[in-house]
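Engineer: Chains F and H: place on chain U using the hints.
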Amino acid sequence: MILSAYELGFRLLNERIRSVNGDVTVYDCFGERFIGAGASSKTIVINGTPGNALGMYLDGATIIVNGNSQDAVGDTMNDGKIIINGNAGDALGYAMRGGIIFVRGDAGYRTGIHMKEYKDKKPVIIIGGCTGSFLGEYLAGGCIIVLGLNTDDYPAGEFTGVGMHGGEIFIRSSKPPVNLPGQVTAGIAGEEDICRIKDDIQEFSEVFNIKTEEIFSKPIYRLVPNGKNPYKRLYMDN
Amino acid sequence: MFRNISGCAISGVFSKSGRRFSGKLIIDSIAAMHERSNGLGGGFAAYGIYPEYKDCYAFHIFYDNESAKEECEKFLASHFDIITLSKIPVRKIPQITDEPMIWRYFMVPLPSKLADSQLDEREFVVRCVFRINSTIDGAYVFSSGKNMGVFKAVGFPEDVGRFYRLEEYEGYCFTAHGRYPTNTPGWWGGAHPFALLDYSVVHNGEISSYDANRRNIEMYGYQCMLKTDTEVITYMIDYLHRKKHLTLKEICTVFAAPFWSTIEIMPYPEREELEYLRNAFESFLITGPFSIIVGFDKGIMALNDRLKLRSMVVGEKDDMVYIASEEAAIRVIENEPDRVWSPKGGEAVIITFEEGTE
Amino acid sequence: MAVNYFYPDYEIIRDYNRCINCRVCERQCANEAHRYLDDADKMVCDDARCVNCQRCVSVCPTRALKITETSNTFRKNANWSEKTIKEIYRQAESGGVLLSSMGNPENYPVYFDKILINASQVTNPSIDPLREPMETRVFLGAKPDRIQRGKDGRLVSNMPPHITLSMPVMFSAMSYGSVSYNTHESLARAAAELGIMYNTGEGGLHENLYKYGKNTIVQVASGRFGVHKTYLNSCAAVEIKIGQGAKPGIGGHLPGTKIVGDVSKTRMVPEGSDAISPAPHHDIYSIEDLKQLVYSIKEATAYTKPVIVKIAAVHNVSAIASGIARSGTDIIAIDGFRGGTGAAPTRIRDHVGIPIELALASVDKRLRDEGIRNKVSLIAGGSIRSSADVVKAIALGADCVYIGSAALIALGCHLCRSCHTGKCNWGIATQREDLAKRLNPDTGYKRLVNMLTAWQHEIKEMMGGMGINSIESLKGNRLMLRGVGLNEKELEILGIKHAAD
Numbered sequence: 007m008i009l010s011a012y013e014l015g016f017r018l019l020n021e022r023i024r025s026v027n028g029d030v031t032v033y034d035c036f037g038e039r040f041i042g043a044g045a046s047s048k049t050i051v052i053n054g055t056p057g058n059a060l061g062m063y064l065d066g067a068t069i070i071v072n073g074n075s076q077d078a079v080g081d082t083m084n085d086g087k088i089i090i091n092g093n094a095g096d097a098l099g100y101a102m103r104g105g106i107i108f109v110r111g112d113a114g115y116r117t118g119i120h121m122k123e124y125k126d127k128k129p130v131i132i133i134g135g136c137t138g139s140f141l142g143e144y145l146a147g148g149c150i151i152v153l154g155l156n157t158d159d160y161p162a163g164e165f166t167g168v169g170m171h172g173g174e175i176f177i178r179s180s181k182p183p184v185n186l187p188g189q190v191t192a193g194i195a196g197e198e199d200i201c202r203i204k205d206d207i208q209e210f211s212e213v214f215n216i217k218t219e220e221i222f223s224k225p226i227y228r229l230v231p232n233g234k235n236p237y238k239r240l241y242m243d244n
Numbered sequence: 002m003f004r005n006i007s008g009c010a011i012s013g014v015f016s017k018s019g020r021r022f023s024g025k026l027i028i029d030s031i032a033a034m035h036e037r038s039n040g041l042g043g044g045f046a047a048y049g050i051y052p053e054y055k056d057c058y059a060f061h062i063f064y065d066n067e068s069a070k071e072e073c074e075k076f077l078a079s080h081f082d083i084i085t086l087s088k089i090p091v092r093k094i095p096q097i098t099d100e101p102m103i104w105r106y107f108m109v110p111l112p113s114k115l116a117d118s119q120l121d122e123r124e125f126v127v128r129c130v131f132r133i134n135s136t137i138d139g140a141y142v143f144s145s146g147k148n149m150g151v152f153k154a155v156g157f158p159e160d161v162g163r164f165y166r167l168e169e170y171e172g173y174c175f176t177a178h179g180r181y182p183t184n185t186p187g188w189w190g191g192a193h194p195f196a197l198l199d200y201s202v203v204h205n206g207e208i209s210s211y212d213a214n215r216r217n218i219e220m221y222g223y224q225c226m227l228k229t230d231t232e233v234i235t236y237m238i239d240y241l242h243r244k245k246h247l248t249l250k251e252i253c254t255v256f257a258a259p260f261w262s263t264i265e266i267m268p269y270p271e272r273e274e275l276e277y278l279r280n281a282f283e284s285f286l287i288t289g290p291f292s293i294i295v296g297f298d299k300g301i302m303a304l305n306d307r308l309k310l311r312s313m314v315v316g317e318k319d320d321m322v323y324i325a326s327e328e329a330a331i332r333v334i335e336n337e338p339d340r341v342w343s344p345k346g347g348e349a350v351i352i353t354f355e356e357g358t359e
Numbered sequence: 017m018a019v020n021y022f023y024p025d026y027e028i029i030r031d032y033n034r035c036i037n038c039r040v041c042e043r044q045c046a047n048e049a050h051r052y053l054d055d056a057d058k059m060v061c062d063d064a065r066c067v068n069c070q071r072c073v074s075v076c077p078t079r080a081l082k083i084t085e086t087s088n089t090f091r092k093n094a095n096w097s098e099k100t101i102k103e104i105y106r107q108a109e110s111g112g113v114l115l116s117s118m119g120n121p122e123n124y125p126v127y128f129d130k131i132l133i134n135a136s137q138v139t140n141p142s143i144d145p146l147r148e149p150m151e152t153r154v155f156l157g158a159k160p161d162r163i164q165r166g167k168d169g170r171l172v173s174n175m176p177p178h179i180t181l182s183m184p185v186m187f188s189a190m191s192y193g194s195v196s197y198n199t200h201e202s203l204a205r206a207a208a209e210l211g212i213m214y215n216t217g218e219g220g221l222h223e224n225l226y227k228y229g230k231n232t233i234v235q236v237a238s239g240r241f242g243v244h245k246t247y248l249n250s251c252a253a254v255e256i257k258i259g260q261g262a263k264p265g266i267g268g269h270l271p272g273t274k275i276v277g278d279v280s281k282t283r284m285v286p287e288g289s290d291a292i293s294p295a296p297h298h299d300i301y302s303i304e305d306l307k308q309l310v311y312s313i314k315e316a317t318a319y320t321k322p323v324i325v326k327i328a329a330v331h332n333v334s335a336i337a338s339g340i341a342r343s344g345t346d347i348i349a350i351d352g353f354r355g356g357t358g359a360a361p362t363r364i365r366d367h368v369g370i371p372i373e374l375a376l377a378s379v380d381k382r383l384r385d386e387g388i389r390n391k392v393s394l395i396a397g398g399s400i401r402s403s404a405d406v407v408k409a410i411a412l413g414a415d416c417v418y419i420g421s422a423a424l425i426a427l428g429c430h431l432c433r434s435c436h437t438g439k440c441n442w443g444i445a446t447q448r449e450d451l452a453k454r455l456n457p458d459t460g461y462k463r464l465v466n467m468l469t470a471w472q473h474e475i476k477e478m479m480g481g482m483g484i485n486s487i488e489s490l491k492g493n494r495l496m497l498r499g500v501g502l503n504e505k506e507l508e509i510l511g512i513k514h515a516a517d
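These protein sequences, in sequence, are chains U, F and H.
Just so you know, the first sequence maps onto residues 7 to 244 in our numbering.
Just so you know, the second sequence maps onto residues 2 to 359 in our numbering.
Just so you know, the third sequence maps onto residues 17 to 517 in our numbering.
Excised from the complex, chain U in its bound form (with noise of 0.2 angstroms):
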């Protein structure tokens, strides 16, 4: 079914998308909030720029949106796919705890921030390009993954992996990652750790259409936090 969203506002838009069974087309979609709030099944294409929470609390759906997104894309997400073809805002995938997000441009601040896992639930977060400061800030499960690969600077601002305590962050650049808060190690990946995350970037280079020799030209670095328990030492019973 195709929806043009003209003149229809937040909440008359997504009630409509809700009672369709089966796969939605949205054109002329300026702003409006809360797209696919909740979905567990069907796809959503989304031509034009969907406003804030877009997929929020997504529970299986698949979102593509073919322009840009705003902030808070794949908030508190529990499983199924978001695929932006372009840029996205800030608190990309907060508290996202399944699924999947693929960027193909860059994303804003504190990407993946208090990103969790648990046990089979893996959320990851690939970024084409680049991403602001706190990037995985209070990490706590699940893998972001930056790409960078439209620059030759570092692709992410500064404070990566703040409070961070569980999970994993990969950064492909070739220049090495600096001021690291000191519960958080780097290094470049083994072969192992790409293992791991090569069917994502597999997938990721098929929606995207960019080879893999590509992604794979230059350094991969891990982040990894230390412990389970940052802030074990802070304090004092009284």
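One thing to keep in mind: the hints can contain errors.
[As the list claims (entries may be wrong)] Simulated DEER-style distance windows between Cβ atoms:
id, chain 1, residue 1, chain 2, residue 2, range
1, F, D339, H, E148, 30 to 36 angstroms
2, H, D144, F, R272, 24 to 30 angstroms
3, U, L240, F, R272, 54 to 60 angstroms
4, U, G233, H, R401, 39 to 45 angstroms
5, U, I200, H, A295, 33 to 39 angstroms
6, H, N33, F, W261, 55 to 61 angstroms
7, H, Y21, U, I200, 52 to 58 angstroms
[Unchecked claim] DSS-like cross-link-like pairs, simulated, lysine-lysine; straight-line CA separation at most 30 angstroms:
id, chain 1, residue 1, chain 2, residue 2
8, H, K227, U, K128
9, H, K462, H, K281
10, F, K55, F, K93
11, F, K244, H, K381
12, H, K513, F, K228
Everything labelled a hint here was simulated from the structure, so no lab data went into it.
Bear in mind the structure is a predicted one, so any value in this text is a computation, not a measurement.
Ideal Cβ placement from N, Cα and C applies to all residues, glycine included.
Structural biologist: Same frame as chain U, but now just chains F and H:
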């Protein structure tokens, strides 16, 4: 912030056929309940008394001094087309003293002012009343409806009636109030009925929900200046009837809501409707003892609190309906009514013109 | 030679004439304060380990034990209290941020204790609640803007989603993790039996407790633990936790040691890993972002659940509440600075925030001044200790109150304020199985039901005394309150008169 507490007597007479009768009747009725008043306030609302000006708003205004009158009349002239104005005629009697200047104005809003305000006509009038009462020191509008008027003073109600020469007026509906306040406000504006537009309320009892009701209604732009139950009840009726478009029967349900245990055994859809009303208008619930008689342009309404903590009797004879705190107050003016009964607590008594009445 | 800088705060006094060496105190003390000496056939104790939770005193069959404050004193100093000095010693030893639990115990004014309730005499009758109807049912949620009628003129229900309570009290948020499963089960079952709500806190909802959904408020906090679509739809209302009275502006931190078994499963974080709740929601950096989170929840629940926003009472709480009331939020919960916590930095708990009485009065007035009080309901929390506090809070303007500490006390808590150690001997604030099983939910829920049934009777008695027979007429009815020993400014903020004025 002080609060005026008072016990009282109330009475009302209404002709369903719209037949006009002399105000003497209501004076005789309220006088029968002399023991329920203490001489610190009495008053009447009379409907149908100004047929020659029935399309005009009739303002009754107390003035403390000449300068208040000047200022107020300037305001009136800039907002209304004043058709006529005069002193309200009174009879000097020793029982009523210290009277303020009492004036009456028949007016219609100035069309240009009304259009500028973007308000409907009645809202425009209400705002003007509040404006005068809150900003012009020494001026107090105590009656603002069409083809009706309030007459009140400090004194026993039967004296107040004689003072205002009420027997010379003819109307189709009268209500009366005799006051027993527990403090001694010397101010005439504090007497009852309390009125806004065509709504007038006389009330007996002291409600325990007062401050909950007051703080709620003030949120909708009503300024409670008198700190009396009657004032708050009048504003709540105006708000729910004129602005929220609830029916008078629904308003009674909101004021004296049936208990939950009663609602729960009611059939659908009444049950749902009552639950809706109690939820949506929860802060309009009135608790504590009250009986009220409400005058409005098309009839008369009476309501007791849901525990029936106040007495109220209704009598009927031909086209006449009588409502009073005590049966004696009915018998004294109609000794052989066709029917006399006491409405149940929370039971709305709403009587309007018979069909075909103009 | 080791030097102990300070003597323990409490002394365990054992009456050896009564002690029968049954060793139950030893088995019951998770802090290991009691020990049996084989050689001497004698119980001994280490006062330094005692937190004065009174568990051993309560279980001792011969009443041989009591805990007393030590009579050992430092040199008196009106400026440097012994407590302050000891805290410095602790920090000098450890370099740690001082960590405390439960509500602020310091000597700030308790305004509830300076407010008195009215009763009817002569001018209006009091009502006897044992024989006449007395209603305490409460609806929480926004009221409709306008009425609608069908073709037949009947009212059409356009009521926004709301929750219905049998009385204006709910159990406030306490997460599974900070408290035990048995505590949660007790709260859930009590809420179901009483017709009120309990609140999951930010630790997710245990799968066994989904059946109490009608009486459950689920919380969405900054950590988003256990938050998913099913969770959001398994409740009567969803609460967004912005702040908590015990630690305004501070995030949460459940140490990995408490993330075990079902706690890990319910929170959906691996065992042993810390569960960190960031200080802010990272999708809310401004008031308009709150609206976004509120509506995201409404979208995910198809507009069927009321959304509560819980904030800590802070200095400009009324302006904040006004902003929240315009964000689509249905209910605002305000948590005063005495509210409890499972763990908070001592300095934050004891020095940040303002009293609930003042915050509530100020918010209620502000919302009325702005004409939006009917767009939201107000819940007041942060040390509601008795039915009298409930009545006072309602008369100040709350629709309902949250109780946390009072509920835990009903379950046996003795306010030893050591929740953060995870060694609660009463089985409440612990995940140690041997300790948690001491709280039997069958008796626990009954104790909660008993307490609130008693409170409800008392609320009705006080209402009846005022001549009020339905709780709506008490709401915001500040003329029913009078202050004692309060200054003009305090009275002005509370919106009440002085006694006998």
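Engineer: Compare the structure with each hint and give your call.
Structural biologist: Against the structure, the hints come out as follows:
1. D339/F / E148/H: 30 to 36 angstroms: holds, 34 angstroms
2. D144/H / R272/F: 24 to 30 angstroms: holds, 28 angstroms
3. L240/U / R272/F: 54 to 60 angstroms: holds, 57 angstroms
4. G233/U / R401/H: 39 to 45 angstroms: holds, 41 angstroms
5. I200/U / A295/H: 33 to 39 angstroms: Holds - the Cβ-Cβ distance for I200/U and A295/H, about 36 angstroms, lies within 33 to 39 angstroms.
6. N33/H / W261/F: 55 to 61 angstroms: holds, 59 angstroms
7. Y21/H / I200/U: 52 to 58 angstroms: holds, 54 angstroms
8. K227/H / K128/U: With Cα atoms ~28 angstroms apart, K227/H and K128/U stay inside 30 angstroms; holds.
9. K462/H / K281/H: holds, 28 angstroms
10. K55/F / K93/F: holds, 28 angstroms
11. K244/F / K381/H: holds, 23 angstroms
12. K513/H / K228/F: With a Cα-Cα distance of about 15 angstroms, the restraint between K513/H and K228/F holds, given a limit of 30 angstroms.
Hint violations for this structure: none, all hints satisfied.
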